[in-house]
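Chain order of the listed sequences is A and B. In terms of our numbering, the first sequence opens at residue 1 and continues consecutively. In terms of our numbering, the second sequence opens at residue 1 and continues consecutively.
It should be emphasised that the hints constitute simulated quantities derived from the structure, not laboratory data. Among the clues, some could well be false.
[What the hints assert, rightly or not] Derived pair list, reagent style BS3-like, types lysine-lysine, alpha-carbon separation capped at 27 Å: (1) Lys4(B) - Lys243(B); (2) Lys122(A) - Lys4(B); (3) Lys91(A) - Lys91(B); (4) Lys91(B) - Lys122(B).
There are 2 protein chains.
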Amino acid sequence: MALKIAVLAGGVGAARFLAGLVRVVDPANLTVIGNTGDDLEFYGLYISPDLDTVTYTLAGVAHPEQGWGRAGDSFRVQAELGRFGLPAWFKLGDLDLATHIYRSWRLRQGATLSQVTAEVAKAFGLEVRLLPVSDDPVRTRVRTAEGWVDFQDYFVRLGTEPEVLEVRFEGAQAARPGPGVLEAILGAEAVVLAPSNPIISLGPILAVPGVREALRSTRAKVAGISPIIGGRALKGPADRMLKSLGHEVSAAGVARLFADFLDVWVIDGADAGLSAEIEKLGVRPVVAEAVISDPERAAELARTVLGEVLV
Amino acid sequence: MALKIAVLAGGVGAARFLAGLVRVVDPANLTVIGNTGDDLEFYGLYISPDLDTVTYTLAGVAHPEQGWGRAGDSFRVQAELGRFGLPAWFKLGDLDLATHIYRSWRLRQGATLSQVTAEVAKAFGLEVRLLPVSDDPVRTRVRTAEGWVDFQDYFVRLGTEPEVLEVRFEGAQAARPGPGVLEAILGAEAVVLAPSNPIISLGPILAVPGVREALRSTRAKVAGISPIIGGRALKGPADRMLKSLGHEVSAAGVARLFADFLDVWVIDGADAGLSAEIEKLGVRPVVAEAVISDPERAAELARTVLGEVLV
Numbered sequence: 001m002a003l004k005i006a007v008l009a010g011g012v013g014a015a016r017f018l019a020g021l022v023r024v025v026d027p028a029n030l031t032v033i034g035n036t037g038d039d040l041e042f043y044g045l046y047i048s049p050d051l052d053t054v055t056y057t058l059a060g061v062a063h064p065e066q067g068w069g070r071a072g073d074s075f076r077v078q079a080e081l082g083r084f085g086l087p088a089w090f091k092l093g094d095l096d097l098a099t100h101i102y103r104s105w106r107l108r109q110g111a112t113l114s115q116v117t118a119e120v121a122k123a124f125g126l127e128v129r130l131l132p133v134s135d136d137p138v139r140t141r142v143r144t145a146e147g148w149v150d151f152q153d154y155f156v157r158l159g160t161e162p163e164v165l166e167v168r169f170e171g172a173q174a175a176r177p178g179p180g181v182l183e184a185i186l187g188a189e190a191v192v193l194a195p196s197n198p199i200i201s202l203g204p205i206l207a208v209p210g211v212r213e214a215l216r217s218t219r220a221k222v223a224g225i226s227p228i229i230g231g232r233a234l235k236g237p238a239d240r241m242l243k244s245l246g247h248e249v250s251a252a253g254v255a256r257l258f259a260d261f262l263d264v265w266v267i268d269g270a271d272a273g274l275s276a277e278i279e280k281l282g283v284r285p286v287v288a289e290a291v292i293s294d295p296e297r298a299a300e301l302a303r304t305v306l307g308e309v310l311v
Numbered sequence: 001m002a003l004k005i006a007v008l009a010g011g012v013g014a015a016r017f018l019a020g021l022v023r024v025v026d027p028a029n030l031t032v033i034g035n036t037g038d039d040l041e042f043y044g045l046y047i048s049p050d051l052d053t054v055t056y057t058l059a060g061v062a063h064p065e066q067g068w069g070r071a072g073d074s075f076r077v078q079a080e081l082g083r084f085g086l087p088a089w090f091k092l093g094d095l096d097l098a099t100h101i102y103r104s105w106r107l108r109q110g111a112t113l114s115q116v117t118a119e120v121a122k123a124f125g126l127e128v129r130l131l132p133v134s135d136d137p138v139r140t141r142v143r144t145a146e147g148w149v150d151f152q153d154y155f156v157r158l159g160t161e162p163e164v165l166e167v168r169f170e171g172a173q174a175a176r177p178g179p180g181v182l183e184a185i186l187g188a189e190a191v192v193l194a195p196s197n198p199i200i201s202l203g204p205i206l207a208v209p210g211v212r213e214a215l216r217s218t219r220a221k222v223a224g225i226s227p228i229i230g231g232r233a234l235k236g237p238a239d240r241m242l243k244s245l246g247h248e249v250s251a252a253g254v255a256r257l258f259a260d261f262l263d264v265w266v267i268d269g270a271d272a273g274l275s276a277e278i279e280k281l282g283v284r285p286v287v288a289e290a291v292i293s294d295p296e297r298a299a300e301l302a303r304t305v306l307g308e309v310l311v
């Protein structure tokens with residue numbers, strides 16, 4: 001298929017979906033808009049975990065089990081950094097570090113995150129266009145009983161253990177969409193929300209002024225894939241987070257968060273009973289096998305999604 | 001011996017001498033003033049080759065043959081940086097990179113080079129006090145037939161191949177001596193110039209305003225060890241450099257460069273015939289085995305030097 005597609009993507013789940021999507025469509029027509037709310041500085045290096053996860057996964061060099069980081073990576077530099085008393089809770093493999101050293105160096109030279117992301121994608125042979133949602137800093141922060149913490153403190157250091165009482169995206173209100181972001185949404189023939197945590201993976205993307213408006217006004221159909229199946233997140237803390245933030249923990253509850261721009265919502269067979277509730281939101285429910293077990297399964301899901309938005 | 005000693009040090013030759021000196025004196029009374037003219041940024045990381053060579057050598061973790069870098073290091077990160085088209089002519093091993101990542105991070109946090117150098121030295125268990133000659137940038141540049149090049153371009157990338165027509169130490173005139181540098185020279189009971197390239201290793205140290213004056217005015221005897229033996233440099237391009245810059249390529253020619261503050265000049269037996277010429281400079285020549293083949297030999301040389309300045 002040669003149609004133009006824009007995908008809003010978080011981390012591991014989105015990357016696995018994209019690995020299927022590129023089997024179904026010409027990657028050259030695919031624009032991936034990535035989450036930067038997870039970005040952090042560690043050891044003074046600028047790290048974009050979600051953009052890297054997409055890049056590594058599409059390049060076939062991601063760690064197959066954990067989803068993030070590089071396959072076959074070693075941790076020699078980080079182990080040695082322990083000599084200087086530096087923390088190691090954010091794991092940075094040697095191969096992975098090369099990306100961060102390169103990105104940090106280019107950013108300090110004055111390159112934008114968009115430019116560096118394109119350079120990194122090219123270095124890994126990606127054919128899709130990968131865009132950070134913004135070149136301006138957007139930082140997800142999370143309020144727990146202990147107070148506000150940076151996203152990776154919550155996600156990695158604290159292992160998503162604390163209950164999330166509030167989420168904010170610092171800098172988002174002043175952030176401008178990155179070059180090509182709104183154009184990709186407005187010019188697409190289909191827009192897809194990859195299966196991602198609706199709060200902390202898609203949330204920062206939607207919080208950048210103009211993105212949500214573009215999703216509402218694009219002539220393309222907007223489809224999403226529920227990351228909640230049978231009331232549970234396939235991966236990560238999305239279910240607990242939805243609950244503690246007062247949302248319904250279901251495929252319908254997530255659809256409600258996006259109802260203002262969503263046309264099609266792909267739900268698992270386990271959630272077929274929620275179809276009527278989703279329809280009431282003005283969203284067309286589509287029941288499919290939504291669990292992504294391998295790239296072939298992801299391609300199948302991508303085919304289903306595209307079939308529904310192109311009818 | 002518990003006397004206070006200050007040593008002016010370049011890279012590998014100096015580090016090997018220091019490895020002997022710490023066997024002879026209490027390292028806690030030893031201040032090493034290191035050359036920063038070789039410092040560079042590579043991949044946006046701040047690298048202090050001479051300071052690191054001293055640190056690694058005294059910590060016993062230096063690469064035994066090449067002198068610089070870490071023993072048993074690997075080059076996984078740098079190999080991966082090739083993916084991004086980055087040059088690799090300045091070799092940075094994985095273990096070595098940890099030092100540069102730490103240093104760069106601390107400098108960006110606002111720490112001074114002196115502070116970071118002390119932290120790195122402590123992390124490697126050093127007992128000597130290692131001071132960069134200045135916290136301000138001093139950058140050695142070299143003029144060749146092709147024009148001015150950065151020091152490491154000449155030294156590493158071009159392999160010291162081009163003839164050196166002129167040397168300058170950018171920033172030196174505006175640089176202030178680092179904390180403790182002048183005090184170490186003025187308060188020492190002995191000052192030693194380690195065997196180092198007189199132009200590009202000791203030159204930048206002497207170019208920082210106040211250092212040469214302190215060497216002239218200190219009540220301590222100042223001794224040096226000739227890096228030229230039998231008219232040739234034991235290591236590196238010192239002999240060719242002396243020649244192309246119009247200096248006499250001999251142990252006496254080097255002594256002349258330091259004659260304004262030098263009291264004792266240790267020369268090899270091969271150069272005993274130069275004693276009269278050195279005496280005419282107002283410097284006392286001492287003939288000794290000046291080739292450092294191992295730490296025990298370095299200790300022997302250190303004992304000789306100290307014996308001569310403490311008479």
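Here is how each hint holds up against the structure:
1. Lys4(B) - Lys243(B): Between Lys4(B) and Lys243(B) the Cα gap is close to 36 Å, so the pair fails against 27 Å, i.e. violated.
2. Lys122(A) - Lys4(B): 57 Å, violated
3. Lys91(A) - Lys91(B): Answer holds: Lys91(A) to Lys91(B) is near 24 Å, not above 27 Å.
4. Lys91(B) - Lys122(B): 24 Å, holds
Hints 1, 2, counting from the list given before, are not met by this structure.
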